[in-house]
Amino acid sequence: MLLSHRKTHFFAFAVLSVLLSLCFIAGIVLRPDYTIATSPETTSLFEEAGFVIATEEEAIASTTLKSSSISLEAATQFDSRDRLVLILKPNRPILSPDLLMYWDETASKPEELGDRALLLGSLAGTSRRQFILPDAIAENQGYLILYSQAGKELLAAWEFPSELKP
Amino acid sequence: MSVNYKSIQWNRQKIVYDLILVGLVALYIFLFRYIAEQIDPYPSPDNFGLRIRAYGSAAFILLHVILSIGPLSRLSPKFYPLLFNRRHTGVTMFALAVNHARLVRFRYHGFGNLDPTTSLFVSNTNYFSLTGFPFEILGIVALAIFLFMAATSHDFWLVNLTAPVWKALHMGVYLAYGLLVGHVVLGALQSNRDPLLTILVGVGLFWILGLHLITGWREMQRDRPDLAKTNAEYVEIGCIADIPNNRAKVVTIGGERVAVFKYEDKISAVSNVCQHQNGPLGEGKIIDGCITCPWHGYQYLPDSGASPPPFTEKIPTFDVKLEGDRILVKTIPHPPGTQVDPAIIPVEVTQ
Chain A
1 MLLSHRKTHF
11 FAFAVLSVLL
21 SLCFIAGIVL
31 RPDYTIATSP
41 ETTSLFEEAG
51 FVIATEEEAI
61 ASTTLKSSSI
71 SLEAATQFDS
81 RDRLVLILKP
91 NRPILSPDLL
101 MYWDETASKP
111 EELGDRALLL
121 GSLAGTSRRQ
131 FILPDAIAEN
141 QGYLILYSQA
151 GKELLAAWEF
161 PSELKP
Chain B
1 MSVNYKSIQW
11 NRQKIVYDLI
21 LVGLVALYIF
31 LFRYIAEQID
41 PYPSPDNFGL
51 RIRAYGSAAF
61 ILLHVILSIG
71 PLSRLSPKFY
81 PLLFNRRHTG
91 VTMFALAVNH
101 ARLVRFRYHG
111 FGNLDPTTSL
121 FVSNTNYFSL
131 TGFPFEILGI
141 VALAIFLFMA
151 ATSHDFWLVN
161 LTAPVWKALH
171 MGVYLAYGLL
181 VGHVVLGALQ
191 SNRDPLLTIL
201 VGVGLFWILG
211 LHLITGWREM
221 QRDRPDLAKT
231 NAEYVEIGCI
241 ADIPNNRAKV
251 VTIGGERVAV
261 FKYEDKISAV
271 SNVCQHQNGP
281 LGEGKIIDGC
291 ITCPWHGYQY
301 LPDSGASPPP
311 FTEKIPTFDV
321 KLEGDRILVK
331 TIPHPPGTQV
341 DPAIIPVEVT
351 Q
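First to last, the protein sequences are chains A and B. When we follow this note's numbering, the leftmost residue of the first sequence carries the number 1, and every step to the right adds one. When we follow this note's numbering, the leftmost residue of the second sequence carries the number 1, and every step to the right adds one.
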């Protein structure tokens, strides 16, 4: 019985040696040339997508946006091209799918996502994300809206804090 | 060994082994996260990615250790202490892999409009692409094999399935290893092009393959000279002087290994296969008058192949006779536990 096990073991590894060596070599040789998200080469890609590199020291002001179970750290600052950017960081995971941030230029607190709402970008987990804000935000009243795209649900709306305006 | 059933027979060696094992795993997880946090230029506040990689890599490394213990102990008895509690290492590896899978399910599939488990199975269906292959499936199948192995790792299953069946089923670990290599090569190595990671995975792969091929080949060569091919009733296995006192010579007779022991100026022959986990009795020695398995210390009386009372394990015995200083062993074994008179070494030979 044990002799047959030893033979099975040896021939199993002979087969594995061929298959796994081929898999390893092919997997390495044929792998696509992804740009790693955290590498310096991707900075331009992030900028094209609306993200900007900014530092904490340049912040105009910061505050906390709260609504029931949602809590976001918010700050504004100017980027290297003098564009006003909003920095948002959830203090804890928001358990709703596909989260998008909108700016809605309206005087009253919206109950649903309006057609004129401007998409700023998406949130991801508790990562800090940065969004370029429209120029109108400095002069006009409006609301920041957190919306679950997959759930088709408006989760929270905050009047844009005046202290965050330049 | 135990007469009465105990779920776990704790002893000092097991406790020390498990403490070292858990300590090393915890140290690895801590160092992995600490070092990664120091060198990552864009750390993620929730650290989910780090935790996924820490637990996944810990499980993968531990699997390499587990798969190295068997062949290394065939090459040198110094590795027997690692073999003693290998099943605890396996269960620890399974726990790490489960945590890796749990974190992946939440992090990558917990925020869509599909059930996370459903999403895990249907989010990538590129089965005909090599580098875009749904590597998650490979990990899930490997995890299912590890679940089966962890669930049947207890001696309860070993006794009830019998050691040969249990060992055959647990050879599934080789398939699981192949699946996990595919999981890593088609997963982590596709998005992470760091040459160090590629080299580490490659070295681990060729270490395991090379080690098993070399030891597998050596073991097959050891089995090749089958002494019973001549249809003789007795076969000569060598001289008395070939065997050190309280040790054995292992030969292959009729397709199985036989351990021929010399002790107290006597010669006895028994099956080389321990009833517990099929350990190599011939690589053990006589302690307190009993053949003692080098793997887990199971003991048998050399003249009867039975464990000393009150234990009940039994192994087959063989008739032995001497012609001068030559040892002859009968090719047909007795049923397990059969008392056989040992061959007495004449005084003139012992002198």
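If you are wondering where the hints come from, they were derived from the structure by calculation, not from laboratory data. Please note that the accuracy of each hint is not assured.
Beta-carbon label-pair distances, calculated as ranges [unchecked claim]:
#1 F128(B) <-> K152(A): 46 to 52 Å
#2 D341(B) <-> T8(A): 23 to 29 Å
#3 T43(A) <-> W10(B): 53 to 59 Å
#4 F11(A) <-> L196(B): 29 to 35 Å
#5 S71(A) <-> L196(B): 50 to 56 Å
#6 S122(A) <-> L19(B): 31 to 37 Å
C-beta atoms are modelled at their ideal positions from N, C-alpha and C, and glycine is treated no differently.
These are the hints, each one checked on the structure:
no., hint, result
1, F128(B) <-> K152(A): 46 to 52 Å, "violated, 34 Å"
2, D341(B) <-> T8(A): 23 to 29 Å, "violated, 37 Å"
3, T43(A) <-> W10(B): 53 to 59 Å, "holds, 56 Å"
4, F11(A) <-> L196(B): 29 to 35 Å, "holds, 33 Å"
5, S71(A) <-> L196(B): 50 to 56 Å, "violated, 39 Å"
6, S122(A) <-> L19(B): 31 to 37 Å, "violated, 46 Å"
When held up to the earlier numbered hints, the structure conflicts with 1, 2, 5, 6 and fits the remainder.
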